[in-house]
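Undergrad: Working from the sequences, and respecting the hints, build out all of it.
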Amino acid sequence: MQSIQTDVVVVGGGGAGLRAAIAVAESDPRLRVALVSKVVPMRSHTVAAEGGSAGVIRADDSLDHHFDDTVGGGDWLCDQDVVEYFVAHCAEEMTQLEHWGCPWSRKDDGQVNVRFFGGMKVQRTWFAADKTGFHMLHTLFQTSHKYPSIKRYDEFFCADLIVEDGRVQGVVAIDIASGEFYLFECKAAIICTGGAGRVYGQNTNAGIVTGDGMGIAFRHGVPLRDMEFVQYHPTALPGTGVLITEGCRGEGGILTNKDGYRYLQDYGLGPPDPWPRPKAMELGPRDRLSQAFWHEEQKGRTVATALGQAVWLDLRHLGAAKIHERLPLITEVAKTFVGVDPVVSPIPVRPAVHYTMGGIPCNAHTETPLKGLYAAGECSSVGIHGANRLGSNSLAEIVVFGKVAGARAAQYSKSAPAGRPGAFRKQAEAVESRLLGLLGRDKGERLATIRDEMHETMETGVGIFRKADGMQATCAKLARLRDRYRTGLKLDDRNRAFNTEWLSAIELGFTLEIAEAIAVSALNRKESRGAHTRLDEFKERDDASYLKHTLAYRTGDGPPRLEYSPVTITKSAPKTRVYGGEGKKVELT
Amino acid sequence: MADTRTIEIEVLRYNPEKGGEPHFQSFQVPFSDDTSVLQGLQYIKDHLDGSLTFRWSCRMAICGSCGKMVNGVPELSCHKFLREYYPGKVRIEPLNHFPVLRDLVIDQTDFFEKKLPSIKPYVVPKEEKPVSAGTYVQTPQQFHKYYQYSQCINCLLCYAACPQYGLKPDFTGPAALALLHRYNADSRDRGWEERAELLNAEEGVWGCTLVGYCSEVCPKHVDPAHAINQNKVNSTMDYFGVRKLLMPKGGG
Numbered sequence: 001m002q003s004i005q006t007d008v009v010v011v012g013g014g015g016a017g018l019r020a021a022i023a024v025a026e027s028d029p030r031l032r033v034a035l036v037s038k039v040v041p042m043r044s045h046t047v048a049a050e051g052g053s054a055g056v057i058r059a060d061d062s063l064d065h066h067f068d069d070t071v072g073g074g075d076w077l078c079d080q081d082v083v084e085y086f087v088a089h090c091a092e093e094m095t096q097l098e099h100w101g102c103p104w105s106r107k108d109d110g111q112v113n114v115r116f117f118g119g120m121k122v123q124r125t126w127f128a129a130d131k132t133g134f135h136m137l138h139t140l141f142q143t144s145h146k147y148p149s150i151k152r153y154d155e156f157f158c159a160d161l162i163v164e165d166g167r168v169q170g171v172v173a174i175d176i177a178s179g180e181f182y183l184f185e186c187k188a189a190i191i192c193t194g195g196a197g198r199v200y201g202q203n204t205n206a207g208i209v210t211g212d213g214m215g216i217a218f219r220h221g222v223p224l225r226d227m228e229f230v231q232y233h234p235t236a237l238p239g240t241g242v243l244i245t246e247g248c249r250g251e252g253g254i255l256t257n258k259d260g261y262r263y264l265q266d267y268g269l270g271p272p273d274p275w276p277r278p279k280a281m282e283l284g285p286r287d288r289l290s291q292a293f294w295h296e297e298q299k300g301r302t303v304a305t306a307l308g309q310a311v312w313l314d315l316r317h318l319g320a321a322k323i324h325e326r327l328p329l330i331t332e333v334a335k336t337f338v339g340v341d342p343v344v345s346p347i348p349v350r351p352a353v354h355y356t357m358g359g360i361p362c363n364a365h366t367e368t369p370l371k372g373l374y375a376a377g378e379c380s381s382v383g384i385h386g387a388n389r390l391g392s393n394s395l396a397e398i399v400v401f402g403k404v405a406g407a408r409a410a411q412y413s414k415s416a417p418a419g420r421p422g423a424f425r426k427q428a429e430a431v432e433s434r435l436l437g438l439l440g441r442d443k444g445e446r447l448a449t450i451r452d453e454m455h456e457t458m459e460t461g462v463g464i465f466r467k468a469d470g471m472q473a474t475c476a477k478l479a480r481l482r483d484r485y486r487t488g489l490k491l492d493d494r495n496r497a498f499n500t501e502w503l504s505a506i507e508l509g510f511t512l513e514i515a516e517a518i519a520v521s522a523l524n525r526k527e528s529r530g531a532h533t534r535l536d537e538f539k540e541r542d543d544a545s546y547l548k549h550t551l552a553y554r555t556g557d558g559p560p561r562l563e564y565s566p567v568t569i570t571k572s573a574p575k576t577r578v579y580g581g582e583g584k585k586v587e588l589t
Numbered sequence: 001m002a003d004t005r006t007i008e009i010e011v012l013r014y015n016p017e018k019g020g021e022p023h024f025q026s027f028q029v030p031f032s033d034d035t036s037v038l039q040g041l042q043y044i045k046d047h048l049d050g051s052l053t054f055r056w057s058c059r060m061a062i063c064g065s066c067g068k069m070v071n072g073v074p075e076l077s078c079h080k081f082l083r084e085y086y087p088g089k090v091r092i093e094p095l096n097h098f099p100v101l102r103d104l105v106i107d108q109t110d111f112f113e114k115k116l117p118s119i120k121p122y123v124v125p126k127e128e129k130p131v132s133a134g135t136y137v138q139t140p141q142q143f144h145k146y147y148q149y150s151q152c153i154n155c156l157l158c159y160a161a162c163p164q165y166g167l168k169p170d171f172t173g174p175a176a177l178a179l180l181h182r183y184n185a186d187s188r189d190r191g192w193e194e195r196a197e198l199l200n201a202e203e204g205v206w207g208c209t210l211v212g213y214c215s216e217v218c219p220k221h222v223d224p225a226h227a228i229n230q231n232k233v234n235s236t237m238d239y240f241g242v243r244k245l246l247m248p249k250g251g252g
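Line by line, the protein sequences are chains A and B.
Just so we're aligned: 243 in our numbering is position 243 of the first sequence, and the numbers increase by one with no gaps anywhere.
Just so we're aligned: 216 in our numbering is position 216 of the second sequence, and the numbers increase by one with no gaps anywhere.
Among the hints, erroneous ones may be present.
In silico DSS-like links for lysine-lysine, alpha-carbon gap of 27 Å or less [stated by the list, open to error]:
| no. | chain 1 | residue 1 | chain 2 | residue 2 |
| --- | --- | --- | --- | --- |
| 1 | B | Lys129 | A | Lys146 |
| 2 | B | Lys120 | A | Lys151 |
| 3 | B | Lys18 | A | Lys443 |
| 4 | B | Lys89 | A | Lys146 |
| 5 | A | Lys575 | A | Lys526 |
| 6 | A | Lys107 | B | Lys129 |
| 7 | A | Lys575 | A | Lys477 |
| 8 | A | Lys335 | B | Lys89 |
Computed from the model, here is a short list of chain B residues facing chain A with C-beta under 10 Å [as the list claims (entries may be wrong)]:
| no. | residue |
| --- | --- |
| 9 | Pro22 |
| 10 | Phe27 |
| 11 | Ser65 |
| 12 | Gly88 |
| 13 | Asp103 |
| 14 | Pro140 |
| 15 | Ser150 |
| 16 | Gln151 |
Read the hints as simulated data drawn from the structure, not as lab findings.
Model, not experiment: these values are computed from the prediction.
Note that the Cβ used here is the ideal one computed from N, Cα and C, for glycine as well.
TA: Structural data, given as structure tokens:
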């Protein structure tokens, strides 16, 4: 096994990982940074984010507005001290990206433009047409070439951490091309591996979004926090789940049912006129819009398509020029995948799993409970999303907290005691032989069988709406799937070089445990809040019992053990969460 | 799957560990109108042969991972549909002009380790501007000078299409030269001189013989051929020493 000595390992080359690596390099160019990513960084899922990234710049906006939209959108499960830091640092990171070349869309006077997003009081979303994540990611990736201290290890699959004396001292990774194991000896590691949307079947996520970093931290005793909060994006293509950005509605798109009726007015988001207006109707928050779809489907008012039930996202009134300027990607996507030109026809859409609000807990400095381990981006639970993430906060999060993670890890690694070179070879070899064991099984079932059954049980048991019996059945099913995974997975591919079936099997091990953390956390949250909404006797939010974070701890082969921790409230006491006309009334009183 | 049609997918197999010669293997794959070529490959991997190896990720033509030769044409496999080939068969091979690591997986280190870094793919500012100074102003005209060339997803289809890259691997190639132009044409950038040596060299724009197939296969309409040929003009002006006079901001 080859060993590599470095100071900071960044795991994951998406927006958060690249921003973190650059921050280490800018903190101290003498520190060695290893950027370990299972895909070439600009293939990372940041690339698929479309609509935009929040940052207060308008005169009629304020940090307080961004704070209130975020905390209210999160149904008061946000840590408000962290939200305060976050909103105060978004715009400067957007400006930093602008200096690095990000092609933000602009107004005719040459200044950066901002658009509306759901749950947002004032236009606040910086956008690069509808390819914002793509442009942010390529800007960061290309800019990273300026820093010689960043050494990239592209297509290296992170397999495990080395934890010794209570702190992280190494990372074990597989060079995908050769299948050989590498030990990175380091003082600090930053996990930036993204979410776990692939726990579900119908999702907007890339194939790589398998929660590896969460799974690795979980196995080292780090709890996963608030995993029951999984965001369904209300507008994805039926079948594939390909994302149709909220920016469509930010630009004035409307949602109608099979009768051409703007059904959102029936679910506390109306009245429909005047429109567009903020925090109402199509500009309501994602959890509410996805739930409204479910009700429409129950009432038989959705549209039957070859790929399942859908509603219409209608952009036609925006006109060809605006659609082509502001929404070129979704225009192409709609034409390619569902044969619809949004200029002349509405697009069929339905909710699909989009984002994991929970993750590896960390404080505003991105420090996790494990010394030397930092986390940033979707894999983390830094406390800004609460029970339902506000659209356009995730792209801002990756750069704001990516930068913090890099700076903090740099500082820590300068004071951390030097490791003994070669001291962890035995631990690393144990990781190697455990994972190579997956290649040697002669009997068992196909990986896709277990994966597909996991998808199915997650969709049924812990979907948009939840009930105790459904969640119990899913918990039981996941326990059986984990058992089947342990004892009976057989791979066709026994080779080492570029064995993607083997890597998928390792990923499936992580996703199964994350799925169980989601289901068990959901079952035990006996209230409804944000994206966790129950149809049994727990339909209401219960602040007295559940204004707290769920912490799921791994217990080996059994289900996770749960604990709870307090939510930090600084200036916004929990209120009823209302949108549309009701929301306006509350604001005026 | 409501549809019961079946199509033959013929895939190039190559496994360096087995030491065998590259060969084709055929699979029968059920499909419906909305099944992409990529989903056809995923069906094979999930149900027929888990050892079939290919890259993919976003499945919506933005990550650039899944480029393959599909019936001899460089394509993003997530963006082409099996129905387009039926009742004929689909033959899938790794992208042309690259070494093959395994099956449909090419070795892309030449682009990522050499070509892309060589063009200095980042803004070289006139002077460091602090974040507190706010954003630059960019007029719509300035914006549109570079915007199209910032759309490249690095999928490498253009390299598979470029006969020059096939013959002379030192040629910097379409995507990297389009990105070079993207930064040179950006009003925030003053890096033109740092990029000039490469641009003017034999492996720079003059390596291109104007076939134009790169632009034809580009899934994002970047038009690298146009970027390259605009820069032949720039390079010529540079040779005669008039460029700085005519185009102080490096635009083209």
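Undergrad: What's the verdict on B/Lys18 and A/Lys443, does the C-alpha distance respect the 27 Å limit or exceed it?
TA: The given pair, whose Cα atoms are some 22 Å apart, holds under the 27 Å limit.
Undergrad: Is the straight-line distance between the alpha-carbon of A/Lys575 and that of A/Lys477 27 Å or less?
TA: Measuring from Cα to Cα gives roughly 37 Å; hence the hint is violated.
Undergrad: Does B/Phe27 meet its interface restraint, that is, does its C-beta lie within less than 10 Å of any C-beta in chain A?
TA: violated (13 Å)
Undergrad: Less than 10 Å between beta-carbons is the criterion; does B/Ser65 satisfy it with respect to chain A?
TA: Hint on B/Ser65: holds, closest Cβ of chain A at ~5 Å, below 10 Å.
Undergrad: Does the CB of B/Gly88 sit less than 10 Å away from some CB of chain A?
TA: Violated, about 21 Å.
Undergrad: Between B/Lys89 and A/Lys146, is the straight-line Cα distance small enough, at 27 Å or below?
TA: Violated, at roughly 46 Å.
Undergrad: Given a cut of 10 Å on the nearest C-beta pair, is the interface hint for B/Ser150 held or broken against chain A?
TA: Holds, about 5 Å.
Undergrad: Mind checking the alpha carbons of A/Lys575 and A/Lys526 for me, to see if they're no more than 27 Å apart?
TA: holds (19 Å)
Undergrad: Is A/Lys335 close enough to B/Lys89, meaning Cα to Cα at most 27 Å?
TA: Holds, because 24 Å separates the two Cα atoms, which is no more than 27 Å.
Undergrad: Interface hint check: B/Gln151, Cβ to nearest Cβ on chain A, cutoff 10 Å. Holds or violated?
TA: holds (8 Å)
Undergrad: Can you confirm whether the C-alpha distance between B/Lys129 and A/Lys146 stays at or below 27 Å?
TA: holds (16 Å)
Undergrad: Given the hinted pair B/Lys120 and A/Lys151, is their Cα-Cα distance within 27 Å?
TA: Holds: B/Lys120 and A/Lys151 sit about 16 Å apart, inside 27 Å.
The structure does not agree with the numbered hints 4, 7, 9, 10, 12 stated previously, though it agrees with the rest.
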